[in-house]
Every structure is written in C-alpha cells, then in structure tokens.
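Peer 1: Sequence:
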Amino acid sequence: MQTLYIIFAFLILGLSSIAQQHIGFNIGYGNSYYKIKHGESNQNSTIDYQAKPAMEFELNYKRRWPGIINFASSISYQQHNLHINESWESTKTSIYKSADYKLDNLYIKAFPEFIFGNKIRYYAQIGPSLSILLKSQIDGYLDINDLINNPPTVVHNILSGDASNMFNKFSFGFFGGLGIDFPIGENFTISVSSQFDYSINSWFKSDDNTYSSRALIFRVGANYIIRELHY
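The numbers in my numbering rise by one with no breaks, and the one at position 88 of the sequence shown is 75.
Some hints could be false.
[What the hints assert, rightly or not] Keeping only pairs whose Cα atoms sit at most 30 Å apart, straight-line, the calculated BS3-like set for lysine-lysine is:
id, residue 1, residue 2
1, Lys39, Lys79
2, Lys22, Lys122
3, Lys79, Lys122
4, Lys122, Lys156
5, Lys156, Lys22
6, Lys39, Lys84
7, Lys39, Lys106
8, Lys39, Lys89
9, Lys156, Lys89
10, Lys22, Lys106
11, Lys106, Lys84
12, Lys39, Lys156
13, Lys106, Lys156
14, Lys122, Lys84
Since the hints were derived computationally from the structure, they do not count as laboratory data. Given the structure is predicted, the values throughout are model-derived calculations rather than measurements.
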C-alpha cells in the first residue's frame, strides 16, 4: 500500500511539473432570471417578474495538464437586477406591491474543465456553485386597499432600503459554461465565454415565497499563464 502512495505522489508531482497554471480575470454582462414559487401561506397571491441586466467580475484559477480533463476554480461578484409585481387578495383586503430589487452576490465555484485544441483552445465547464448574498436593496411601493370601508381606503407605502429578509443568505446550485482561449503571446490569452448559473433553492417547500435565481452571463477576459506546457 505504501508503494502505491509513493507512486501516486510521484505522479502528482510529475503532472504538476508540466502543468499550466492560469490566473484570469473576466468581465461579464447578461440577464438574471428569478423563478418565484408560491409559499403555502401565499396561495392567493399572484406574482409577475421581469428579468433585468446582470453584470459580473470574476477572478479564476486554472490548472491544465496534457489531456482533455483539467481543474479550475473561481470567485466572482455578480449584481442581479429584477422587477417584481405581486398582489394578494382576501375578502377584506387587497394588497399590491411593485418593486425593483438589486442583489449583490459572491459566487464560489470549483469544477472540472474539458479542453479541446492546441493553440486556440475550446473549453466546457460544469460543476456546483455556492452564492452568498452580500447586499440587497428594494425600491418601490406597497398599496393596501381596505375593502371593508365604503368607499374603500388605500394606504400607500414607500419601500426603500434593505431587502435581505426576502432572499436567502446562501444559495446552492449548478452552472455550465463554454469558452474559447486565444493566445496573444507566450504567456497571455484572451478568452470569450458564456456561463449559465442555476440555483436550486426553490426546490424546497416553504411557508413563504421562495426565489430561485438563474443568470446567463456573456464574458470577455484575459489570462496570464504562469508555466508553459512542455511536450
């Protein structure tokens, strides 16, 4: 058994000595989509939402060996924007809310990467992701219509400030991406890629509404190669 451990250690060291280490930075722009699931206590409500632009700044690390399968990890900041119209009705009251939301998220990912090509390299990525809600803001209004009074009375409320009570602090999900690296020198590449993030929070039953995010981001970036491959 010790002999196998020694062989495995030498194999890892050998692969590391011929690996490329890439450090890259990407800027992305796209759209965020929010799937909204009614909670058990809100079955009489209706929700309409509109996707709005999203942006991303990503720092990534890639370790590439000869062959198709490689490893990568990334940390990124994403800002999601969305507009939600929501209404509730009962025999005594009707409520209508219209609001814009801005969500700042930190994404952490570690994943395999599948590489094709020699100089111009095509790659595909798929793996799990963890997002952390850093900040959330709401800007809108809430109208409460008291149907008992004759004539009905309306109370108009301005919504502004923090909205973290509506969204999960942590969100788990999956993502997939495609991209191309173009060499521009011995140690630099330019990358063009797209990535789709899919959170699974709305899969779980809740008394309140749950908001599950999707984001499609198109990105451009630059990579610095720390060590060249030697074949």
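Peer 1: For the pair we were handed, Lys39 and Lys84, check the Cα-Cα distance against 30 Å.
Peer 2: OK: Lys39 and Lys84 at ~18 Å, within 30 Å.
Peer 1: Just to be careful, I want the Cα atoms of Lys39 and Lys156 compared with a cutoff of 30 Å; is the pair within it?
Peer 2: 21 Å, holds
Peer 1: Keeping to a limit of 30 Å between CA atoms, is the pair of Lys39 and Lys89 held or broken?
Peer 2: It holds: about 10 Å lies between the C-alpha atoms, which stays within 30 Å.
Peer 1: Please work out if Lys22 and Lys106 have their alpha carbons no farther apart than 30 Å.
Peer 2: Violated - the C-alpha atoms of Lys106 and Lys22 are around 40 Å apart, more than 30 Å.
Peer 1: Tell me if the straight-line CA distance from Lys122 to Lys156 falls inside 30 Å.
Peer 2: At roughly 9 Å apart (the allowed maximum being 30 Å), Lys156 and Lys122 satisfy the hint.
Peer 1: Does the structure keep Lys106 and Lys84 at a Cα separation of 30 Å or less?
Peer 2: The given pair, whose Cα atoms are some 54 Å apart, is violated under the 30 Å limit.
Peer 1: Below or equal to 30 Å on CA atoms is what counts here, so check Lys39 against Lys106.
Peer 2: It is violated: about 37 Å lies between the C-alpha atoms, which goes past 30 Å.
Peer 1: Taking only the CA atoms, is the gap from Lys79 to Lys122 under or equal to 30 Å?
Peer 2: Outside the cut-off at roughly 35 Å; violated.
Peer 1: Are the Cα positions of Lys39 and Lys79 separated by 30 Å at most?
Peer 2: 34 Å, violated
Peer 1: For a C-alpha distance cap of 30 Å, please report whether Lys22 and Lys122 respect it.
Peer 2: Given that 30 Å is the threshold and the Cα spacing comes to 20 Å, the pair holds.
Peer 1: If you draw a straight line from the CA of Lys156 to the CA of Lys89, is it 30 Å or shorter?
Peer 2: 14 Å, holds
Peer 1: Checking one constraint from the list: CA of Lys122 to CA of Lys84, max 30 Å. Satisfied?
Peer 2: 21 Å, holds
When each numbered hint is compared with the structure, violations occur for hints 1, 3, 7, 10, 11 and 13.
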